[in-house]
Amino acid sequence: MTSKTGTKRQAENEEWVACIARIRDAQDEAAFARLFAHFAPRVKAFLMRSGADATLAEECTQEVMAALWQKAHMFDPARASAATWIFTIARNRKIDALRKQKRPEPEDLPWGQDPEPDQADVLALQQESDQLGDAIAALPEKQRVLIEKAYFGDLSHSEIAEQTGLPLGTIKSRIRLALDRLRHAMK
Amino acid sequence: MTETMIKHHLTDALLMAYSAGTLPEAFSLTVATHISMCDECRARLASFDTVGGTLLDRCESVEMGADSLAATMALIRGGAAVEKPAPRRVSHGVPAPLRDYIGGDLDSVRWRPVGMGVKQAILPTSRDATARLLFIPAGASVPDHGHRGTELTLVLQGAFVDEVDHFGPGDIEVANEDLNHTPVADIGADCICLAATDAPLRFRSIIPRLAQPFLRI
Numbered sequence: 001m002t003s004k005t006g007t008k009r010q011a012e013n014e015e016w017v018a019c020i021a022r023i024r025d026a027q028d029e030a031a032f033a034r035l036f037a038h039f040a041p042r043v044k045a046f047l048m049r050s051g052a053d054a055t056l057a058e059e060c061t062q063e064v065m066a067a068l069w070q071k072a073h074m075f076d077p078a079r080a081s082a083a084t085w086i087f088t089i090a091r092n093r094k095i096d097a098l099r100k101q102k103r104p105e106p107e108d109l110p111w112g113q114d115p116e117p118d119q120a121d122v123l124a125l126q127q128e129s130d131q132l133g134d135a136i137a138a139l140p141e142k143q144r145v146l147i148e149k150a151y152f153g154d155l156s157h158s159e160i161a162e163q164t165g166l167p168l169g170t171i172k173s174r175i176r177l178a179l180d181r182l183r184h185a186m187k
Numbered sequence: 001m002t003e004t005m006i007k008h009h010l011t012d013a014l015l016m017a018y019s020a021g022t023l024p025e026a027f028s029l030t031v032a033t034h035i036s037m038c039d040e041c042r043a044r045l046a047s048f049d050t051v052g053g054t055l056l057d058r059c060e061s062v063e064m065g066a067d068s069l070a071a072t073m074a075l076i077r078g079g080a081a082v083e084k085p086a087p088r089r090v091s092h093g094v095p096a097p098l099r100d101y102i103g104g105d106l107d108s109v110r111w112r113p114v115g116m117g118v119k120q121a122i123l124p125t126s127r128d129a130t131a132r133l134l135f136i137p138a139g140a141s142v143p144d145h146g147h148r149g150t151e152l153t154l155v156l157q158g159a160f161v162d163e164v165d166h167f168g169p170g171d172i173e174v175a176n177e178d179l180n181h182t183p184v185a186d187i188g189a190d191c192i193c194l195a196a197t198d199a200p201l202r203f204r205s206i207i208p209r210l211a212q213p214f215l216r217i
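Sequence order for the protein chains is A and B. The first sequence begins at 1 in the working numbering and counts up one residue at a time. The second sequence begins at 1 in the working numbering and counts up one residue at a time.
Because the hints were derived from the structure by calculation, they are not lab data. All C-beta atoms, glycine included, are put in the ideal place defined by N, C-alpha and C. Any given hint might turn out to be false.
[Unchecked claim] A few chain B positions that, by computed beta-carbon distances, are all more than 12 angstroms from chain A: (1) Ala-17; (2) Ala-20; (3) Thr-30; (4) Ala-46; (5) Arg-99; (6) Ile-122; (7) Pro-137; (8) Ala-189.
[What the hints assert, rightly or not] Listed next, the in silico DSSO-like pairs over lysine-lysine satisfying Cα-Cα at most 30 angstroms (straight line): (9) A:Lys-187 to B:Lys-7; (10) B:Lys-7 to A:Lys-172; (11) A:Lys-102 to B:Lys-119.
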């Protein structure tokens, strides 16, 4: 985990949000290239940790980034940071390409999304995302590793148990402790 | 569809696994259907997605191939429909994710009788877990059973009572191998549930156990 100041992260997310808006409004390839340079290597790492080999991960990452372009009009910065939104696209691609399964999604809320989200909402969401990121970084190593494995390793708790040699009960209680800490940090 | 009376929610473990994308399809379907009915769990899911986004943003990276940006632009120009945007209509009866599996509303379910008035319909999901709709006539019960794995039971209509509590529309019961229970439909109305299991149920009396291979319960 790298550590950056909250201000820098906010400036960064503002830039990603602006890039996605320029893709949506003007099919801006330079904006896309900036997003690509930052996120594509991270998406590729995520897919490789989930079990894809380098070739498949490269191919899926290109598809994830292409989907970002095509779905730019669906991004709502008051509901998710750019990183979170891209994570959900990458995760869905992982389920489809690596696990060969469908992913049923909840239906949308009836009121849909605002065409122009309130800047205060966007900022509040970004601050909370930062706070959560710092709280994750501050977790005891043992807890953080298990959370990362649960998200990135494509492992169920019992598979994590096999891999780490830890009893299932220990894994469950460490993850529970980690979530308690995150909740406490978000209060 | 927002149901404010929901008192039985998804566990953190299920929400996290759904967010991480590691659940079997039958479980994802049940989770997505509950979230369609429950604003509280929808908000909790957003937090778990944010954990995923944060991990992605702060994780190490792996260098992309030299021509990867150009290749991606070619994909975009080729108009490859990478992920077709699903029509997310908002329903008033069956939540959209479940309706996709039924192919319509509850009227279009093709029920198969399993005895004592109880009916079921198995939904087409990947084989690592099973999703089924259960129809339990008012006042009737599903045979006493235990589980080897996890069983999720989401009430769509009516209500049931078991050793744990009373479950109404939108409520989800998360049962593990420690629980032997006999769900009984509320006397007021027929109960329809969506149930997902990752291992065959264990019935405690001999007759249902014989029937098990045929019912695929």
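Status of the hints after comparison with the structure:
1. Ala-17: Given that some Cβ of chain A is not farther than 12 angstroms from that of Ala-17 of chain B, nearest at about 7 angstroms, it is violated.
2. Ala-20: Ala-20 of chain B not clear of chain A: closest Cβ-Cβ about 5 angstroms, inside 12 angstroms.
3. Thr-30: Thr-30 of chain B is in fact no farther than 12 angstroms from some Cβ atom of chain A, at 9 angstroms.
4. Ala-46: 7 angstroms, violated
5. Arg-99: 9 angstroms, violated
6. Ile-122: 16 angstroms, holds
7. Pro-137: Consistent with the label, Pro-137 of chain B stays out of reach of chain A, its closest Cβ about 28 angstroms off (over 12 angstroms).
8. Ala-189: Ala-189 of chain B clear of chain A: closest Cβ-Cβ about 24 angstroms, beyond 12 angstroms.
9. A:Lys-187 to B:Lys-7: With Cα atoms ~23 angstroms apart, Lys-187 of chain A and Lys-7 of chain B stay inside 30 angstroms; holds.
10. B:Lys-7 to A:Lys-172: 23 angstroms, holds
11. A:Lys-102 to B:Lys-119: 26 angstroms, holds
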